[in-house]
Amino acid sequence: MARHPDDDLVPYLRGELSPAERERVARHLEECPDCRQDTELLRDLLGNLAHAIGQPPAVSWARYRAELRDKLDARRQRIGWWRRPMPLALSASLAGVLLLLAVWGGRELSRSGDPIGPDEVVMGQEFGLLQDLRTVERLDLLEDLEVLRNLDGLASEHQG
Amino acid sequence: MEPADEALCERVARRDEAAFDLLVSRYQERAYRLAWSILRNAEDARDVSQEAFIRLHEMAGSFRGRSKFSTWFYRILVNLCLDHKRKHKWWKLWVRDDDDDRAETILDRQPAPVNDPVDKLSRDETLKALGSAVDRLAPRQRAAVLLRVQEDMATYDIARVLKCSEATVRVHLHRALATLKKTVEKR
Ligand SMILES: [Zn+2]
Chain A
1 MARHPDDDLV PYLRGELSPA ERERVARHLE ECPDCRQDTE LLRDLLGNLA HAIGQPPAVS
61 WARYRAELRD KLDARRQRIG WWRRPMPLAL SASLAGVLLL LAVWGGRELS RSGDPIGPDE
121 VVMGQEFGLL QDLRTVERLD LLEDLEVLRN LDGLASEHQG
Chain B
1 MEPADEALCE RVARRDEAAF DLLVSRYQER AYRLAWSILR NAEDARDVSQ EAFIRLHEMA
61 GSFRGRSKFS TWFYRILVNL CLDHKRKHKW WKLWVRDDDD DRAETILDRQ PAPVNDPVDK
121 LSRDETLKAL GSAVDRLAPR QRAAVLLRVQ EDMATYDIAR VLKCSEATVR VHLHRALATL
181 KKTVEKR
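If you read the sequences in order, they're chains A and B.
The first sequence begins at 1 in my numbering and counts up one residue at a time.
The second sequence begins at 1 in my numbering and counts up one residue at a time.
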C-alpha cells in the first residue's frame, strides 16, 4: 500500500485536489481503514471547530471606526512632525544609521534570528518581506520613512 | 453594482477616503474576529485589526492585484497578529493573563442545537476542550486552522497569507488537526 495521504485528507474533504490526486486518495481510502477513520474524524472536527473557536465580545463598529480615524490622524501628524525638520536625504541617512544599529542590536538580541543584511531590509519595501524580519520591531522610524514616501504629498492635501 | 474590493483598494491608493471607509466597513468584523481568534484578547484584537487597516491605508499602492484583495489584506493582518504574539510572549510570562477573555467566550459559544441533554453536555465539553486545544496550537498552525475553518480559505490562499508553500500549509493543518483529534479522542 502507498504511503498514507494524511496531508491530503483535508484538501480532499474540501474538494480542492486535482482529479488525479483525488482519485489517488479515494483509492487509498477504499483500501485503508485507518485513513478512512481519520477522514471521518477530520470531517467532524472541521464541522465542530467553528463552534469551538467561538465568537469575540461584541464591538460598537461606529466607535471602532472613529478610533481608527483618530489613530490615522495621529499617525499622519507624527509623520508631519518627523518630516518637517529634516530633508529626505538627511532622514534617509539617519535611517541608515538607525538601521545598522537595529540590525546589529537584532543580531545581539535574537538568538535564533535569521541573519539579515541591511540591503534586504531596504529592498524589503513590500510589506510582507519587512514583516518577516525580526528586527523590524525596532525599525519604527524606518517604517515612517517608507510611509513618508508612500504618502508623499498627502500631508498637505488631506482629509475627509 | 457594488465596487469590487480590488477596485476600492486602487482608489485607496489614490487617497480616496470614501473607498477606504467602505473597505473598513466590509472587513472590520472579519478582521476583528480573525485577530481575536489568533490573539484571544478583545483589546489586542481591536488594536491589531485597526493597525492592519492603517497599514492598508498606507500601503494600498503596493497592492499589485496579483492576488485577491482579501488574501493580501489577511496577510497584513495575520503577520501583525503573529508579530504581536511574538513580541508579547515574554510579557505574558510575567502577568499570566493568558486566560484573557476566554472564560467569558466559552460561555458565549453557541454549539449547534442538540436535543438530548446528555449528548449536549458531552458535546459542550468536547467543544470546550477543542477550543482550548486550538488556543494551545503553535501560532502558525493556529492561523492555518483559523483561516481554514473561520474564513473558509483554500489551501492555496492560506499559503499566500502565511507566505509559505501549499505543502507547508497542508503540513501545518495536518499537524494541528492531528493534535486536535487527540483532544477529541481522549474524551
Ligand atoms: Zn492509510
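Everything labelled a hint here was simulated from the structure, so no lab data went into it.
Take these hints with a grain of salt, some might be off.
What the hints assert, rightly or not - Where chain A lies over chain B, by a calculated footprint (3+ residues, C-beta under 8 Å):
| no. | segment |
| --- | --- |
| 1 | 1 to 10 |
| 2 | 33 to 40 |
| 3 | 137 to 145 |
| 4 | 150 to 161 |
| 5 | 173 to 179 |
Note that this is a predicted model, so its numbers are computed, not measured.
Built from N, CA and C at the ideal position, the CB exists for glycine as well.
Hints and how they fare:
Remark: the segment 1 to 10 of chain B is not confirmed as covered by chain A, as 0 of its residues place a Cβ nearer than 8 Å to a Cβ of that chain, below the required three. Beta-carbon proximity to chain A at under 8 Å applies to 3 residues in the segment 33 to 40 of chain B; the threshold of 3 is reached and the given coverage holds. Only when three residues or more bring their CB closer than 8 Å to a CB of chain A does the claim for the segment 137 to 145 of chain B stand; here the count is 1, and the claim is violated. With 4 residues carrying a beta carbon less than 8 Å from a beta carbon of chain A, the segment 150 to 161 of chain B meets the three-residue requirement, and the given coverage holds.
Coverage of the segment 173 to 179 of chain B by chain A holds [criterion: at least 3 residues with CB-CB distance below 8 Å; count 4].
In this structure, the hints that do not hold are numbers 1, 3, in rising order.
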